[in-house]
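Engineer: Model the placement of chain H on the given structure of chain R, informed by the hints.
Given next are the chains, with one letter for each unit.
2 protein chains.
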Amino acid sequence: MTTTSSTQDAPHALNASANAHGSVGVVHTQYMHFDEPLPLVSGQTLAAYDLAIETYGALNADASNAVLICHALNASHHVAGVAADNPDDIGWWDNMVGPGKPVDTNIFFVIGINNPGSCFGSTGPAALRPDTGKPWGAAFPVLTVEDWVQAQARVADRLGVKRFAAVMGGSLGGMQALSWAMTLPERVAHCVVVASTPRLSAQNIAFNEVARRAIITDPEFHGGDYYAHGVVPRNGLSVARMVGHITYLSDDDMAEKFGRTQRAPAAGGAYHYGYGVEFEVESYLRYQGEKFSKYFDANTYLLITRALDYFDPARETGGDLARALKPATADFLLVSFTTDWRFAPARSREIVRALLQNGQPATYAEIDAPHGHDAFLLDDARYHGVMRAYFSRIATGLVPTEREVQQ
Amino acid sequence: MTTTSSTQDAPHALNASANAHGSVGVVHTQYMHFDEPLPLVSGQTLAAYDLAIETYGALNADASNAVLICHALNASHHVAGVAADNPDDIGWWDNMVGPGKPVDTNIFFVIGINNPGSCFGSTGPAALRPDTGKPWGAAFPVLTVEDWVQAQARVADRLGVKRFAAVMGGSLGGMQALSWAMTLPERVAHCVVVASTPRLSAQNIAFNEVARRAIITDPEFHGGDYYAHGVVPRNGLSVARMVGHITYLSDDDMAEKFGRTQRAPAAGGAYHYGYGVEFEVESYLRYQGEKFSKYFDANTYLLITRALDYFDPARETGGDLARALKPATADFLLVSFTTDWRFAPARSREIVRALLQNGQPATYAEIDAPHGHDAFLLDDARYHGVMRAYFSRIATGLVPTEREVQQ
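Top line first, the protein sequences correspond to chains R and H.
Okay, so the first sequence: first residue is 1 according to our numbering, each after it adds one.
Okay, so the second sequence: first residue is 1001 according to our numbering, each after it adds one.
Chain R with its partners taken away, still in its complex shape (with noise of 0.2 Å):
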């Protein structure tokens, strides 16, 4: 994987192609390269590196309306648009940011990146490491939630943002708007929260590990080293990812989907009686856990599983996850979905009690809807209107944008 520094668009023109209201249009993945060194939570530091951002929208002219997007497990920067090397590609948060969209780009200047760690051409166990000149591998410093704010800020610090109009992800994206909200609370306006938790649970933390397990005792791991092997720990990155799968969709949302279809049944609707694919859900599975193997790096998937487990701000202040929520200044909005049993609504009121009890400007809402903790991906009309709202809320406190003064 090679990254460079040169930014192929200047980021306040990269809606040259959007529609008035829909996708943000072809982007161009922007790379920024870092010199000062990175602290780590862990100890270690991050000496240089690179990362890939995509910008959509224009930041107005007091830089109040910038919206920083966080990424989960497997996304990237790329949240929006039709990624300019490939027309399939489309960013992964496309129904929630473009013009007109609840994160209206024709109002709000949005920021992804791909997070130090990751494999979609930030700086992570994949790159080559300044000094040998060969990948990090097993070497690369273990990132938390905390790293990556601070990796965030020095971004949001070179295009201008001193404070975001709001900070916000799902999932794993939300505990770095949290974090955001707790560690640079005079940066953050707005908080958004998606299908998240203040903490992994032990059964969290448990398919995370059998995850792990399944990648580093494949023999072609390497002890992360694989790259040197020329070769990829594919089966145990295709197990780890059948595994999450199943975390992200609900039961009842599995049984819609696929129920106990037979994928190719023998004459008569038979069974095989096999270990091959017998079932519409295995062959699903499969295909997920193969296309998985083939794009995303091992070690990533280590490292990012990792810093899930670690996150747990209350863990400074005890356990009191109210007294560790103080120092935000943000307003908050929490979301959480009915059906996501990895990230149960549970987790999300959690956060709210929390804020309560300290007096904090929260909204809640909890979407009843079938698709589990994918649901936060997904276009959900109850969803997409509280977001809309919510937005809208933050977009009246703005001084309007040049392109809505034009019109």
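FYI, nobody ran anything at the bench for these hints, they're computed from the structure.
Please note: incorrect hints may appear among the correct ones.
Estimated spans, in silico, between C-beta atoms of each pair [as the list claims (entries may be wrong)]:
{"id": "1", "chain 1": "R", "residue 1": "D368", "chain 2": "H", "residue 2": "D1320", "range": "29 to 37 Å"}
{"id": "2", "chain 1": "H", "residue 1": "G1259", "chain 2": "R", "residue 2": "A139", "range": "27 to 35 Å"}
{"id": "3", "chain 1": "H", "residue 1": "A1048", "chain 2": "R", "residue 2": "D89", "range": "37 to 45 Å"}
{"id": "4", "chain 1": "R", "residue 1": "P219", "chain 2": "H", "residue 2": "T1132", "range": "27 to 35 Å"}
{"id": "5", "chain 1": "R", "residue 1": "Y295", "chain 2": "H", "residue 2": "A1264", "range": "51 to 59 Å"}
{"id": "6", "chain 1": "H", "residue 1": "G1160", "chain 2": "R", "residue 2": "K257", "range": "29 to 37 Å"}
{"id": "7", "chain 1": "R", "residue 1": "K257", "chain 2": "H", "residue 2": "G1359", "range": "33 to 41 Å"}
{"id": "8", "chain 1": "H", "residue 1": "T1261", "chain 2": "R", "residue 2": "T329", "range": "30 to 38 Å"}
{"id": "9", "chain 1": "R", "residue 1": "T45", "chain 2": "H", "residue 2": "P1219", "range": "33 to 41 Å"}
{"id": "10", "chain 1": "R", "residue 1": "D88", "chain 2": "H", "residue 2": "D1320", "range": "52 to 60 Å"}
{"id": "11", "chain 1": "H", "residue 1": "P1219", "chain 2": "R", "residue 2": "Y295", "range": "32 to 40 Å"}
Please read all numbers here as calculations on a predicted model, not as lab measurements.
Idealized CB from N, CA, C, for every residue including glycine.
Structural biologist: Relative to the frame of chain R, chain H by itself:
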């Protein structure tokens, strides 16, 4: 693995060391050899096979007090008491079966059978093929719940049991009890189905498929013929067990047992920032996985998870469970546990509804217990109270046993 057809003790003499209340004492595994080929649902045939069994208590004069206990994925014929060859090996349902226990061996003659395809003494993939003298491996036929019922019926014939006072089991064992009641109704007076389901959901199948992929893609699996290579797909089997184990426990139970407790924190309680064991739950799961991979056969894991997947008695009746259950003449007891998310109470209620629709006698108990699916193996007062009451009712219909008459 070698099996013999010698009976080490006469079935009725096994209680020699039993207490009046408590354990059935030291028990010896008995082996039965079957020369009559077993025709299988798959169309294949098991030409000849051995089964490992244990019995507890004494069969009464009219052979009306026999109870068959069917085992789940990783259990065996060793239901109760202390294994003669290993004083640490207590039967898996020892809290349920014994003198004075809910299934009282002072009253009932209890039979445990290791199903064919398993790996605790009965003929399975690790056993030697009579024709080649080498382990069956990948050539061992896929067995189903219905096949197990037929194999168990032959054991009953040998023991002189025409009709069981009760056939019972938990989880996969409950499926066997259900299948007995439907396929051999004249041989089942009472059917006790605990923490079970009339069929796996897509999510259940998905977890099984993850486990199978972990095993099959382990390079040590060698297409199922790892015996010939002198290896075992230990890593894959370990990951399979870890993912299974998570589904046996409830989220709350894991929170209670492990929470986010660190295993051996660094100075000041700090994290290690690495991919080794950091949390207690990881240590526990790794231990469970490794332990399991040392005693359980990987091919058996495939076979039994597949038997789970395939079980779907209402498949023959176009999904109409009530119609599938109509042939049953047994009195039913169904028990489920509130925090069991593997086979949730709703699954048991499906069976209850179908029985009530047919006007068939059914008792249903939904036990408020925190221990998830594993609750069926634990000594919970309300649960055991229900079981005790139900078996007392069965006992009132029996001719007194010889022992009771002597007392």
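Engineer: Evaluate each hint against the coordinates.
Structural biologist: Hints, verified against the model:
no. : hint                         : in the structure
1   : R/D368 - H/D1320: 29 to 37 Å : holds (30 Å)
2   : H/G1259 - R/A139: 27 to 35 Å : holds (32 Å)
3   : H/A1048 - R/D89: 37 to 45 Å  : violated (59 Å)
4   : R/P219 - H/T1132: 27 to 35 Å : holds (30 Å)
5   : R/Y295 - H/A1264: 51 to 59 Å : violated (36 Å)
6   : H/G1160 - R/K257: 29 to 37 Å : violated (50 Å)
7   : R/K257 - H/G1359: 33 to 41 Å : holds (35 Å)
8   : H/T1261 - R/T329: 30 to 38 Å : holds (33 Å)
9   : R/T45 - H/P1219: 33 to 41 Å  : holds (38 Å)
10  : R/D88 - H/D1320: 52 to 60 Å  : violated (44 Å)
11  : H/P1219 - R/Y295: 32 to 40 Å : violated (23 Å)
Hints 3, 5, 6, 10, 11 from the list above are not met by this structure, while the remaining hints are.
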